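Taken in sequence, the protein lines are chains B and U. Going left to right, the first sequence walks through residues 1 to 290 as our numbering numbers them. Going left to right, the second sequence walks through residues 291 to 601 as our numbering numbers them.
There may be inaccurate statements among the hints.
Here are the computed lysine to any residue pairs in the SDA-like style, where the Cα-Cα straight-line distance is at most 25 Å [said to hold, decoys possible]:
#1 B/LYS117 <-> B/ARG175
#2 U/LYS532 <-> U/LEU391
#3 U/LYS371 <-> U/PRO354
#4 U/LYS446 <-> B/TYR36
#5 U/LYS532 <-> B/ILE228
#6 B/LYS117 <-> U/SER311
#7 B/LYS112 <-> B/VAL98
#8 U/LYS532 <-> U/ALA584
#9 U/LYS532 <-> B/PHE216
#10 B/LYS112 <-> B/ALA185
#11 U/LYS371 <-> B/TYR131
#12 U/LYS446 <-> B/LEU38
#13 U/LYS532 <-> B/VAL94
#14 U/LYS532 <-> B/PHE159
#15 B/LYS112 <-> U/ARG313
#16 U/LYS446 <-> B/ALA33
#17 U/LYS532 <-> B/ILE155
#18 U/LYS532 <-> B/SER244
#19 U/LYS490 <-> B/TYR23
#20 B/LYS112 <-> U/TYR319
#21 U/LYS532 <-> B/TYR131
#22 U/LYS532 <-> B/LEU129
If you are wondering where the hints come from, they were derived from the structure by calculation, not from laboratory data. Since the structure is predicted, the reported quantities are computational estimates derived from the model, not experimental observations.
These are the residues of each chain, in order.
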Amino acid sequence: MVDLATSDEIPHPRNGRGRALIYHVVLCLASIAMLYPLLWMLASSFKPDSDIFGDASLWPRHFSLDAYWRGWSGLQVTFGRFFLNSLVVSLCSVVGNVMSCSLAAYAFARLKFRGQKFWFALMLGTLMLPYHVTLIPQYILFLNLDWVDTFLPLIVPKFLAVDAFFIFLLVQFFRSIPRELDEAAMIDGCGPWRIYWIVILPLSVPALATAAVFTFIWTWDDFFGPLIYLNDMNSYTVQLGLRSFVDSTGKSDWSGLFAMSTLTLLPLFVLFLLFQRLLIDGIATTGMKG
Amino acid sequence: MADTLIDAATPVAAARAPESSWRDSAAGYLFLAPWLIGFFGLTLGPALVSLYLSFTDYDLLSNPRWVGAANYVRIATSDPKFSAAMHVTFLYVALAVPFKLTFALLVATILNRGLRGLPLYRAIFYLPSLIGASVAISVLWRQLFAGDGLLNQALKLVGIHGPSWISNPDTALYTLVALSVWQFGSPMIIFLAGLRQIPKDVYEAAEIDGASRSQQFWRITLPLLTPVVFFNVVVQTIDAFKAFTPAFIISGGTGGPIDATLFYTLYLYQEAFAYFRMGYASALAWVLVVIIAAFTALSFLSSRYWVHYDG
Chain B
1 MVDLATSDEI PHPRNGRGRA LIYHVVLCLA SIAMLYPLLW MLASSFKPDS
51 DIFGDASLWP RHFSLDAYWR GWSGLQVTFG RFFLNSLVVS LCSVVGNVMS
101 CSLAAYAFAR LKFRGQKFWF ALMLGTLMLP YHVTLIPQYI LFLNLDWVDT
151 FLPLIVPKFL AVDAFFIFLL VQFFRSIPRE LDEAAMIDGC GPWRIYWIVI
201 LPLSVPALAT AAVFTFIWTW DDFFGPLIYL NDMNSYTVQL GLRSFVDSTG
251 KSDWSGLFAM STLTLLPLFV LFLLFQRLLI DGIATTGMKG
Chain U
291 MADTLIDAAT PVAAARAPES SWRDSAAGYL FLAPWLIGFF GLTLGPALVS
341 LYLSFTDYDL LSNPRWVGAA NYVRIATSDP KFSAAMHVTF LYVALAVPFK
391 LTFALLVATI LNRGLRGLPL YRAIFYLPSL IGASVAISVL WRQLFAGDGL
441 LNQALKLVGI HGPSWISNPD TALYTLVALS VWQFGSPMII FLAGLRQIPK
491 DVYEAAEIDG ASRSQQFWRI TLPLLTPVVF FNVVVQTIDA FKAFTPAFII
541 SGGTGGPIDA TLFYTLYLYQ EAFAYFRMGY ASALAWVLVV IIAAFTALSF
591 LSSRYWVHYD G
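The whole structure should be built from the sequences, with the hints applied where relevant.
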């Protein structure tokens with residue numbers, strides 16, 4: 001399945017030239033239509049407000065970075081703070097998810113223990129459970145622990161492998177690693193921990209990277225969690241900062257809003273460019289939502 | 291995908307471990323410890339607590355007061371907001387999922403025709419799915435469909451004076467459907483992977499028999515792809531039921547105009563975190579679980595009539 005998804009060889013080489021040309025025209029038009037809103041946003045962020053409307057062209061007549069300066073410090077707290085907060089939450093989530101999910105996945109894929117099948121079934125069951133069912137009691141729990149307005153409610157669950165999806169992803173990958181390697185290591189006197197650390201993890205870099213990149217992107221994008229747990233503007237993530245910006249100036253300062261929107265998407269674009277193949281293969285092989 | 295899920299449900303390790311020693315079990319549970327703590331502390335425990343809360347009246351300040359099935363009775367009989375949210379959510383699911391998947395399948399089929407530049411097109415079409423959940427995209431959408439937004443500017447060029455799509459209750463929901471369809475990239479990638487698995491010689495044989503392209507699509511491609519279609523339908527529908535951010539941003543958290551974008555999750559959020567009716571919100575959460583479970587069960591039951599696993 002991995003090979004099928006990645007190979008770009010031509011499956012049915014039976015097109016006439018003309019037909020291929022039509023397809024290219026259709027696909028190019030579709031691509032432009034898909035990307036136009038994004039490009040419009042980018043272009044508008046460099047225009048003065050007066051030019052955004054009545055000028056649908058993409059190239060700004062008066063190029064200026066004003067909107068970026070204005071937007072950056074458009075709220076009582078600057079976007080610098082929001083970016084830092086988002087970065088802290090996202091990076092901690094990546095570490096937590098990769099650690100806890102790989103530990104659980106190793107237990108499911110490689111070890112043998114009583115009740116394994118039972119726990120595995122339960123784990124798959126949690127994949128289906130909408131988070132709304134656990135939302136309110138979790139909120140009450142974190143409220144009583146005095147964790148509201150800290151990043152802990154957003155980070156700690158990641159260290160407890162609550163995102164079962166990534167366990168599933170890693171189980172699939174770990175199973176594809178030849179068992180002979182474990183057995184060889186065992187003969188050399190390695191226990192389960194050493195096998196996990198020196199055999200499985202180094203061989204699973206692509207899967208771990210996929211889990212890491214998706215965790216980063218989803219955490220960066222998360223709006224619901226921060227909305228519930230962060231009330232103090234000093235602890236806002238970029239998504240909440242952007243929401244406040246909409247509420248306070250959204251109607252009057254479009255270019256500022258577009259500038260900040262562009263900036264919050266920038267890390268995602270960079271990750272997309274760097275890890276495009278990894279992300280696409282991840283979706284193709286596991287069917288995860290992207 | 292669909293078959294890997296089924297495949298995964300039978301752990302190889304467990305199947306061939308009739309006798310596992312005490313030491314192995316200890317190691318297994320040690321590795322599983324973080325997940326087990328999370329499972330009991332953050333998933334199973336809270337789920338049971340919310341089931342209990344759904345039979346109570348609870349505002350976070352005083353103790354939960356047992357009210358029996360009153361919350362559920364109110365949901366079923368006398369909550370106009372609930373009916374509005376159900377109407378909006380089902381309409382959204384019924385429009386967004388079929389359009390998105392049709393589009394995804396159409397583009398995937400074209401891309402699979404062996405065109406040059408496949409990786410580039412695939413990347414472009416996938417990008418919106420990756421960033422679509424951002425608040426920035428919802429903000430952009432709000433401005434695209436605003437009274438003086440990009441769409442109306444374009445319409446002005448051809449002489450049409452468009453309404454404000456966002457603040458018009460008749461059209462607001464369709465802008466959200468459009469946002470969902472715009473993110474057709476991830477199901478498209480799954481379709482592409484599925485199309486790649488259909489053996490070439492099937493088509494060659496059909497061609498020799500004189501089957502036209504559309505016959506090939508309806509008689510070969512689609513039937514052989516039904517497991518993937520099934521998987522995408524289930525995943526995308528569950529996802530659509532849970533949509534939240536776009537409705538929240540576009541309506542400014544209200545679900546307006548006149549509840550036209552009051553997604554189920556948005557209503558649940560309002561009940562829980564704007565009015566602190568935690569008991570009622572818990573009941574709403576459990577109703578959502580039942581809806582999603584019923585839909586999933588129906589899909590699996592119906593699948594034997596239209597999904598072909600013997601490709």
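Checked hints:
In summary, the hint linking B/LYS117 to B/ARG175 is supported, as the alpha carbons are separated by about 15 Å, within the 25 Å threshold. Proposed proximity of U/LYS532 and U/LEU391 is supported: the alpha carbons are some 17 Å apart, at most 25 Å. Annotation: proposed proximity of U/LYS371 to U/PRO354 holds, straight-line Cα distance about 23 Å (limit 25 Å). Between U/LYS446 and B/TYR36 the CA atoms are separated by roughly 17 Å; this keeps the pair inside 25 Å, and the hint holds.
For the proposed pair U/LYS532 and B/ILE228, the alpha carbon gap of about 16 Å is at most 25 Å, so the pair holds. Straight-line distance between C-alpha atoms of B/LYS117 and U/SER311 comes to about 16 Å, which keeps the hinted pair within the 25 Å bound. Of the pairs offered as hints, the one joining B/LYS112 and B/VAL98 holds, with about 22 Å between alpha carbons and a cut-off of 25 Å not exceeded. Using a Cα cut-off of 25 Å, the hinted pair U/LYS532 and U/ALA584 holds, with the two alpha carbons roughly 15 Å apart.
Simply put, U/LYS532 and B/PHE216 have alpha-carbon atoms about 21 Å apart, close enough for the 25 Å limit, and the pair holds. Distance restraint check for B/LYS112 and B/ALA185: the Cα-Cα separation of roughly 17 Å lies within the 25 Å cut-off, and the hinted pair is therefore satisfied. Proximity of U/LYS371 to B/TYR131 is assessed by CA-CA distance (about 22 Å); at most 25 Å being required, the pair is judged to hold. For the hint pairing U/LYS446 with B/LEU38, the CA-to-CA distance comes to about 21 Å; that is within 25 Å, so the pair holds.
Straight-line distance between C-alpha atoms of U/LYS532 and B/VAL94 comes to about 23 Å, which keeps the hinted pair within the 25 Å bound. For the suggested pair U/LYS532 and B/PHE159, the alpha carbons sit about 24 Å apart, so the restraint of at most 25 Å is met. Between B/LYS112 and U/ARG313, the direct Cα distance comes to roughly 10 Å. Compliance with the 25 Å bound is thereby established for this hinted pair. Among the hinted pairs, U/LYS446 with B/ALA33 is consistent with the structure: their alpha-carbon atoms are about 18 Å apart, no more than 25 Å.
For the hint pairing U/LYS532 with B/ILE155, the CA-to-CA distance comes to about 22 Å; that is within 25 Å, so the pair holds. For a cut-off of 25 Å, the pair hint linking U/LYS532 to B/SER244 stands: about 23 Å separates their Cα positions. Distance hint between U/LYS490 and B/TYR23 is fulfilled; the C-alpha atoms sit about 20 Å from each other, no more than 25 Å. Only pairs whose Cα atoms come within 25 Å are accepted, and B/LYS112 paired with U/TYR319 is accepted, the gap being roughly 10 Å.
A distance of roughly 9 Å separates the Cα atoms of U/LYS532 and B/TYR131; the hinted pair therefore holds under the 25 Å criterion. Annotation: proposed proximity of U/LYS532 to B/LEU129 holds, straight-line Cα distance about 11 Å (limit 25 Å).
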